[in-house]
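Kindly generate the complete structure, drawing on both the sequences and the hints.
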Amino acid sequence: MSIPQPSYQGIFQRLQQHLPGAGIAWMSQMRDSALATLQQQGFPDTRMEAWKYTDLRSLGRHLFTPTTANREISTAQLEPWLFDQEPMHRLVFVDGRFAPQLSPLHALSGGVTLTSLAAALERHPAELEHRLGRTLDTQRPGFNAMNTAFLQDGAYLKLERQTVLDLPVHLLFISSGQTEHMATLRNVIMAAPGSAVTVIESWVALGDATCLSNTITEIMLEDNASLEHYKVVQEGDSATHIGDTSVYQQADSRFTSHSITLGGRLVRNDLDVCLDGHGAECALNGLTLTRGRQHVDNHTRIDHQQSHASSREYYKGILDDRSRTVFSGRIKVHPGAQKTTAQQNNHSLLLSADAEADARPQFEIYADDVQCTHGCTVGELDADALFYLRSRALDRESARNLLVYAFAADVLERMQQQPVRHYLEQQLARHLSGATARLQSAAWH
Amino acid sequence: MNTLLRIKNLHVSVEGKAILHGIDLSINAGEVHAIMGPNGSGKSTFAQVLAGREQFEVLQGSIHYAGENLLTLSPEKRARAGIFLAFQYPVEIPGVSNVYLLKTALNAIRKQRGEAELDAMDFLERVKQHTAMMQMDEELLYRSVNAGFSGGEKKRNEILQLLMLEPRLAILDETDSGLDIDALQVVANGVNSLRDDTRAFLLVTHYQRLLDYIRPDFVHVLAAGRLVKSGGPELALELEQRGYSWLKEAAVAATP
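Same order as they appear, the protein sequences are chains L and Y. Here the first sequence is numbered in this note's numbering, starting from 1 and rising by one per residue. Here the second sequence is numbered in this note's numbering, starting from 1 and rising by one per residue.
Read the hints as simulated data drawn from the structure, not as lab findings. Ideal Cβ positions, reconstructed from N, Cα and C, are used throughout, including at glycine. The reader is advised that the hints may include incorrect statements.
Claimed, not checked - Some, not all, of what chain Y presents toward chain L, calculated at C-beta under 10 Å:
#1 F84
#2 F87
#3 V91
#4 M121
#5 N146
#6 Q161
#7 Q208
#8 D212
What the hints assert, rightly or not - Label pairs and their calculated CB-CB ranges:
#9 L:Q101 <-> Y:L124: 46 to 54 Å
#10 L:Q416 <-> Y:Y89: 35 to 43 Å
#11 Y:E139 <-> L:P87: 30 to 38 Å
#12 Y:V14 <-> L:Q77: 51 to 59 Å
#13 Y:Q185 <-> L:A353: 43 to 51 Å
#14 Y:R126 <-> L:Q338: 49 to 57 Å
#15 Y:V58 <-> L:K339: 52 to 60 Å
#16 L:Y366 <-> Y:V14: 45 to 53 Å
#17 Y:E57 <-> L:A76: 54 to 62 Å
In structure tokens:
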């Protein structure tokens with residue numbers, strides 16, 4: 001079950017000596033075996049349940065290649081994606097390659113390791129040997145293997161016991177606009193008991209080249225650790241982004257995710273959370289704004305392995321033009337995971353008759369003392385609300401924009417980081433003013 | 001007399017179904033009119049048509065407001081011209097704060113009147129004064145519009161908007177239903193405080209009770225899409241005692 005695609009064997013042979021960890025035996029073995037898996041599995045096709053609504057045939061028409069050359073980017077070029085006035089630790093990657101000159105790190109307190117993954121592989125290979133790939137779902141065909149085989153770099157963040165990192169960590173991944181380029185990144189976040197941190201991933205582009213970002217973020221939260229994680233996808237108009245965030249949580253740990261997708265031709269965000277400790281909590285929030293022919297697939301899976309854990313999902317999408325979104329929310333409550341609470345909400349707002357939103361809630365419950373709730377809506381703007389606002393003197397456009405803004409802002413309100421929230425509110429306002437301009441021009445023609 | 005609203009032979013249908021069959025009504029500035037009638041008589045349709053609800057189709061007739069053809073105006077233009085509808089079922093709008101809506105609405109109307117935007121201090125002072133008059137918790141100003149409000153809070157919120165926007169023609173669509181006697185008094189006080197000889201009110205209600213607190217100049221009975229009887233305040237009392245059936249039958253008999 002895979003789509004036709006070119007062989008990546010040749011590229012691999014050419015590049016393998018230049019990829020990080022080339023001198024480490026276990027790493028080389030891992031890459032070799034991953035390449036074999038990729039060649040054997042290929043990319044998934046729509047006959048696979050998890051990829052039913054996302055057609056990847058366009059990927060098979062290209063041979064994506066990681067670059068080995070550094071593309072110079074100035075600090076000024078980063079400006080549009082930085083959050084105002086807030087000191088943050090920042091790691092910048094250009095076309096998958098770490099750019100130390102763009103990555104100012106503030107003084108780190110004891111108990112924190114924050115480096116590129118390549119540097120970590122060099123300095124602490126033994127530490128990563130049994131960590132890398134440990135949280136990954138082996139059932140995710142093609143892309144995990146491709147990521148491992150071609151892994152270029154990524155961020156490595158490790159927090160020792162009871163360490164609280166006050167400043168957020170901003171990971172900025174820039175695609176410089178090279179055609180058929182592939183950025184293959186892997187972030188590893190390990191939080192020891194009682195530690196806490198905020199991590200923001202931004203995926204952005206300087207141009208609209210046909211390129212691929214293949215990304216994995218592995219997160220391990222030990223007892224009572226806490227992470228607020230943001231993923232903001234603003235890839236170019238012809239770009240594909242295939243990303244997986246894989247989270248393993250132990251007792252009483254807390255994970256909050258904000259997954260915001262604004263740009264990219266084809267975006268797939270996998271988010272897998274395994275709640276493997278009593279009292280672990282996760283809150284997964286998502287907002288997708290699509291237009292043109294964008295396709296965004298949010299695929300979430302939560303495994304309740306232990307009792308007294310809770311999960312909340314809140315995903316919203318606003319679709320314009322001929323765009324399409326998919327939300328899959330699989331929640332599995334394993335035997336013995338009593339007193340589980342799981343809430344799932346997914347709401348889509350269609351601004352165009354040609355847009356399509358598919359929602360697939362899937363609950364599998366093997367324990368009897370659980371509370372699982374689910375709500376899902378797909379609809380147009382509420383005509384009653386529009387009339388109400390207009391009867392209060394707001395013109396049609398303002399009323400419409402206000403309702404759309406309010407629909408989305410409700411997700412942004414859940415964010416703790418004010419600078420990120422403010423940045424996204426501005427992006428949202430810009431998105432809406434674009435929609436207004438298009439509507440007005442449509443009215444003229 | 002200064003005629004504010006003049007309705008002639010108004011026929012309206014909703015989703016292809018005729019609801020109003022030829023309404024004639026004139027309202028002068030300074031007057032309070034009450035439209036009473038049984039459920040399903042077309043009261044709410046009538047109220048919403050005046051505010052410009054687009055789903056309702058005007059088949060025949062005319063509505064003039066302050067000399068202008070109202071039927072050519074969008075809902076927002078009507079609001080800016082001084083028409084206000086207090087909704088029977090105020091809409092919940094999550095994510096839009098009450099105070100934001102009040103400010104945006106007020107400024108749009110002031111702009112139409114050629115007045116400058118109210119500065120933040122003056123606006124706040126006025127809001128707080130009216131909030132106190134409606135005996136509403138100030139916290140409700142900062143909540144999303146009507147979201148999670150009790151039935152009574154929603155109705156008070158409508159009258160708060162009325163007080164802020166100071167319309168020339170206020171239409172109250174069953175504002176009294178679902179209110180206890182204390183809340184009814186608060187709502188009536190709010191409305192009465194705005195009564196003067198430049199404004200007019202149209203009270204749409206099922207019950208006579210509201211009219212004990214807001215005394216109308218005229219009472220009309222709407223039954224089966226027609227105004228079947230008009231009179232003074234005493235008509236409301238008669239309806240309270242006799243019910244609607246005697247008029248309803250007359251209306252049905254008159255329908256061609």
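The hints, checked one at a time:
| no. | hint | verdict |
| --- | --- | --- |
| 1 | F84 | holds, 8 Å |
| 2 | F87 | holds, 7 Å |
| 3 | V91 | holds, 4 Å |
| 4 | M121 | violated, 22 Å |
| 5 | N146 | holds, 9 Å |
| 6 | Q161 | holds, 7 Å |
| 7 | Q208 | violated, 27 Å |
| 8 | D212 | violated, 28 Å |
| 9 | L:Q101 <-> Y:L124: 46 to 54 Å | holds, 50 Å |
| 10 | L:Q416 <-> Y:Y89: 35 to 43 Å | holds, 36 Å |
| 11 | Y:E139 <-> L:P87: 30 to 38 Å | holds, 35 Å |
| 12 | Y:V14 <-> L:Q77: 51 to 59 Å | holds, 57 Å |
| 13 | Y:Q185 <-> L:A353: 43 to 51 Å | holds, 48 Å |
| 14 | Y:R126 <-> L:Q338: 49 to 57 Å | holds, 55 Å |
| 15 | Y:V58 <-> L:K339: 52 to 60 Å | holds, 59 Å |
| 16 | L:Y366 <-> Y:V14: 45 to 53 Å | holds, 50 Å |
| 17 | Y:E57 <-> L:A76: 54 to 62 Å | holds, 58 Å |
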